[in-house]
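The listed protein sequences correspond, in order, to chains G and A.
Residue 1 is where the first sequence starts when you use the numbering used here, and the numbers rise one by one after that.
Residue 1 is where the second sequence starts when you use the numbering used here, and the numbers rise one by one after that.
Derived by calculation from the structure, the hints in this document are not laboratory data.
There may be inaccurate statements among the hints.
As the list claims (entries may be wrong) - Covered stretches of chain G (in silico footprint by chain A; criterion: 3 or more residues with CB under 8 Å from a CB of chain A, positions within the stretch not fixed): (1) 41-53; (2) 519-525; (3) 531-539.
From a predicted model like this one, the values you see are computed outputs, not experimental measurements.
The C-beta atom is built at its ideal place from N, Cα and C for all residues, glycine as well.
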Amino acid sequence: MTRQISRRGALAGGFAALSAGCLGQTRNIAGRDRSSQLTLEINAPPADRDPNAIRIARHLAENLEAVGVDARINTLGHTDLRRKVLINHNFDVYVGQFREAEPFDPDAMYGYTHSQFVAESGWQNPFGFTDINGTDELLATQRRTDGNERIEAVADLQRTLGQLQPFTVVAFPDPLTAVREDRFEGWTNGQPLSVGGLLGLERAGTSGGGADGRGNGGRRGADGGTETPDSNETDDDNQTDDDNQTDDDNQTDDELIDHNPLTDGDGGADDDATLRLVTTDERITQNWNPLAAEYRRHGTFTSLLYDRLALVEDGEVIPWLAADWERVGDSGIEVSLRAADWHDGEPVTAEDVAFTYEFLRDTSMGNAESPVPTPTFRGRVSAVERATAVDDATVRLTLDNVNDAVALRALQVPILPEHVWEERTGMATIAGFEFDAETTEAVVTNNENPVGSGPIRFVEAAPEESVAFERNPDHFLVRASAADGSTGDTGGGSTGDTADPLAGIPERFRGKPAFARLEIEVVGSDIAAVQTVGDGHADATASNLGPDSVPRIGREADARLVTGQSGGFYHVGYNTRRAPLSNPRFRAVLASLIDKQALVDTAFGGYADAAASPLAATPEWVPSDLRWEDRDADPVHPFVGESGSLDAETARNRLREAGYRFDEDGRLLAPGK
Amino acid sequence: MSPLLAVVSSLALWVGSALLVASVAIIRPRRLYALWDDLRNRLWEIRKPLAALVVVLIASAIGRSSLQTVSELFGLQLTWAIHALEGDFVAWVQGTFASPQLTMYFSSVYVYGYVFLLAFPFLAYLALPRTTAVKRLVVAYALNYAIGLALYTVVFAYGPRNVMPDLVTSLLFTHNPEFMALTGEVNEPTNVFPSLHTSLSVTVGTFAVLTRREYPLWTPIAVWLATSVVIATMYLGIHWLTDVIAGTALALGAVYLSCRLVDEEV
Numbered sequence: 001m002t003r004q005i006s007r008r009g010a011l012a013g014g015f016a017a018l019s020a021g022c023l024g025q026t027r028n029i030a031g032r033d034r035s036s037q038l039t040l041e042i043n044a045p046p047a048d049r050d051p052n053a054i055r056i057a058r059h060l061a062e063n064l065e066a067v068g069v070d071a072r073i074n075t076l077g078h079t080d081l082r083r084k085v086l087i088n089h090n091f092d093v094y095v096g097q098f099r100e101a102e103p104f105d106p107d108a109m110y111g112y113t114h115s116q117f118v119a120e121s122g123w124q125n126p127f128g129f130t131d132i133n134g135t136d137e138l139l140a141t142q143r144r145t146d147g148n149e150r151i152e153a154v155a156d157l158q159r160t161l162g163q164l165q166p167f168t169v170v171a172f173p174d175p176l177t178a179v180r181e182d183r184f185e186g187w188t189n190g191q192p193l194s195v196g197g198l199l200g201l202e203r204a205g206t207s208g209g210g211a212d213g214r215g216n217g218g219r220r221g222a223d224g225g226t227e228t229p230d231s232n233e234t235d236d237d238n239q240t241d242d243d244n245q246t247d248d249d250n251q252t253d254d255e256l257i258d259h260n261p262l263t264d265g266d267g268g269a270d271d272d273a274t275l276r277l278v279t280t281d282e283r284i285t286q287n288w289n290p291l292a293a294e295y296r297r298h299g300t301f302t303s304l305l306y307d308r309l310a311l312v313e314d315g316e317v318i319p320w321l322a323a324d325w326e327r328v329g330d331s332g333i334e335v336s337l338r339a340a341d342w343h344d345g346e347p348v349t350a351e352d353v354a355f356t357y358e359f360l361r362d363t364s365m366g367n368a369e370s371p372v373p374t375p376t377f378r379g380r381v382s383a384v385e386r387a388t389a390v391d392d393a394t395v396r397l398t399l400d401n402v403n404d405a406v407a408l409r410a411l412q413v414p415i416l417p418e419h420v421w422e423e424r425t426g427m428a429t430i431a432g433f434e435f436d437a438e439t440t441e442a443v444v445t446n447n448e449n450p451v452g453s454g455p456i457r458f459v460e461a462a463p464e465e466s467v468a469f470e471r472n473p474d475h476f477l478v479r480a481s482a483a484d485g486s487t488g489d490t491g492g493g494s495t496g497d498t499a500d501p502l503a504g505i506p507e508r509f510r511g512k513p514a515f516a517r518l519e520i521e522v523v524g525s526d527i528a529a530v531q532t533v534g535d536g537h538a539d540a541t542a543s544n545l546g547p548d549s550v551p552r553i554g555r556e557a558d559a560r561l562v563t564g565q566s567g568g569f570y571h572v573g574y575n576t577r578r579a580p581l582s583n584p585r586f587r588a589v590l591a592s593l594i595d596k597q598a599l600v601d602t603a604f605g606g607y608a609d610a611a612a613s614p615l616a617a618t619p620e621w622v623p624s625d626l627r628w629e630d631r632d633a634d635p636v637h638p639f640v641g642e643s644g645s646l647d648a649e650t651a652r653n654r655l656r657e658a659g660y661r662f663d664e665d666g667r668l669l670a671p672g673k
Numbered sequence: 001m002s003p004l005l006a007v008v009s010s011l012a013l014w015v016g017s018a019l020l021v022a023s024v025a026i027i028r029p030r031r032l033y034a035l036w037d038d039l040r041n042r043l044w045e046i047r048k049p050l051a052a053l054v055v056v057l058i059a060s061a062i063g064r065s066s067l068q069t070v071s072e073l074f075g076l077q078l079t080w081a082i083h084a085l086e087g088d089f090v091a092w093v094q095g096t097f098a099s100p101q102l103t104m105y106f107s108s109v110y111v112y113g114y115v116f117l118l119a120f121p122f123l124a125y126l127a128l129p130r131t132t133a134v135k136r137l138v139v140a141y142a143l144n145y146a147i148g149l150a151l152y153t154v155v156f157a158y159g160p161r162n163v164m165p166d167l168v169t170s171l172l173f174t175h176n177p178e179f180m181a182l183t184g185e186v187n188e189p190t191n192v193f194p195s196l197h198t199s200l201s202v203t204v205g206t207f208a209v210l211t212r213r214e215y216p217l218w219t220p221i222a223v224w225l226a227t228s229v230v231i232a233t234m235y236l237g238i239h240w241l242t243d244v245i246a247g248t249a250l251a252l253g254a255v256y257l258s259c260r261l262v263d264e265e266v
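Using the sequences and the hints, build the whole thing.
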């Protein structure tokens, strides 16, 4: 190792050299930038907002310090963190969760890692990762191929991402939820807090007689037996003004959808029909823009506001706003729409769908110098080359020569009303001044009073405190099923058709949601959230629970822990635009500083699965050499050390082998700046 | 009953009772009667400082969320710097001293004791024949709030419980999650530097020492309570040592300024 010479020493020597007439060498030495210790900033949300992420950040920071890096943890609220990382790309390292709530198709990696997106803001390639001949090629191949060929490409893609580590997968958390079942049941029928999970809920204690042969009796857990005496008591002393409000709303609803036995069944206690969730994530009380990368976690509630053409629930493909679709030729897909209305009463047309796909590709609709693409769903819409309305209820999507799986993902974007969003194609302004030529109104709007077509409608919100939605009585789930099995007039207008207007919709969603109102309240921490459910002030928690709050669920008499399967893997993301994070060898050493198994035990209280591949939630895609299974170490970058404690010397040697240097105090030197 | 209402009513009940007992024991009935007779005059006399405090409190209530936004966008993100400065001191405090009894004690002091500590001297000094002390107290409160709010805006930082949950348990909220409903109403989790709990407590403690001739019994109680609140902010994992030191400095500054601003009555 070369000995570091301090600047003062260099200068002193310089004067000596100067007097000796050796000016040239002095300039050569003094002109060189000195190395200083490498500083890395690790961005993570604070414990109140995400109890798991900060623990991963702490673990990494501790081990970075041990190998001589000055690691700084910067805690930021969700919105600020996303803005910093996804929008401004002004970060070194971040700890976060992938945005897919459920296990996903491998094509999700297209938007996340393809180099064509490096210059864009949003969820598309926030790492600035470029691997043109490897990753890009494989991403393109898996889009075009089927069967074994695709499996091979996906396997190679995972190996490549594993080697190059633009991000380090840490673990797939169990999406834990504390629920109480005295008012709503069916939490365990799938993902508790997905679109399908929430729509599939049943009112607790609805008498079997009212269910008019829906065949859903079997889906209920303990039918009728769960209504506890204290449920009424809880409701009585709970809210005051809100209750009246709710009653009024329900009455109107009931008149509109009088045919729905689910609301009739219970009679009387109408406030029972309010589903109350608690979250530590205040963003849904501030912003309802389905495209906003800063504000959406998994986008569950905006997916209930904005229908998509297709819904995938537990691997089951459900035609949603689309009644049906078929592939036309090699690159076309023709989609026929269900009869549906926007929340403002306008009909949903094929023009709206065509507009949506064009709009997501360029939210300025050609007004900007260069396109301003959507910050979310970018990978999905990149598979669609063109969208045209064939007639009022038929859209043709021209696809970029992709397989069915990728086409199906392309059908899963929120469909937006043209008459609302065409107004938002202009450049974003502050007090009339254009702020940034690459930002449109559409990507920055909070989208107050959102107009979607989904099964819930926006009612009111108190920013950072609460938000309320109500059932959309005109949604096809309700309207068509009311028309379907009951007497008299429908008002829906879709009964002329002899075909079932709900073809393809599973029984459990017909006539849903079971709640008349959905209220989401923001609380201070995961512990407070569990407590609120335990005290009967809420039916379920809707944000992540940490190792301190999970044991509490068991202590609360009426609360239960339910879980599903998550696609939202926790990961450490690197800004590969910045040295030395631009070096895959350096990132590989960082990856080996993370003891994933130990983190699963401590940061997640065991409620997570350590993983090496971002596709670990869909094991059928993961080659055996990347599966974690019974291993106790990462198959690609095993932890340097044992059960949580780092072998710092070995880690340093790895860094030395990768070409990095240390000073005499063991500090890792940043390559000269 | 909603959690917030439950906490607020229990707070009103306990602090109200404590004020009653302390008034009789420390202020003494004679002065209390005199205060009752002369209440309007005295309140009129201190109207200016009182108005200043009310203005600061209203500004804080209204402007807090916009200032919070300013802080998020433009504030100095100093969580890492504070942590680098003092290391794991708070974790050491918790690791060394934490016990269920102490947690209960410090939790009650942090919520109930603190409110009592701020409320009682106002009553006690108002009962004094001269209004200098109460004026200074009110001015010092206003200064604490105003300067504290400005610093909250400039410095964007999270407390130890949010940064190192593996070492520092959020003791207050883990054992009494209902308190979160209350503190959530009056504070943001990023408002840690300086600790206003510390600065207001130290302010009261300092005044208690300055007025020991009038209320000799109050001085040791106030100093004890103030010290407990200061320790509680760290013991409960809410504040850093740095916040506490800054809070103390703010308190002493506010007391000094209030004495300069409000002259002794002759």
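Hint check:
no. : hint    : in the structure
1   : 41-53   : holds (count 5)
2   : 519-525 : holds (count 3)
3   : 531-539 : holds (count 4)
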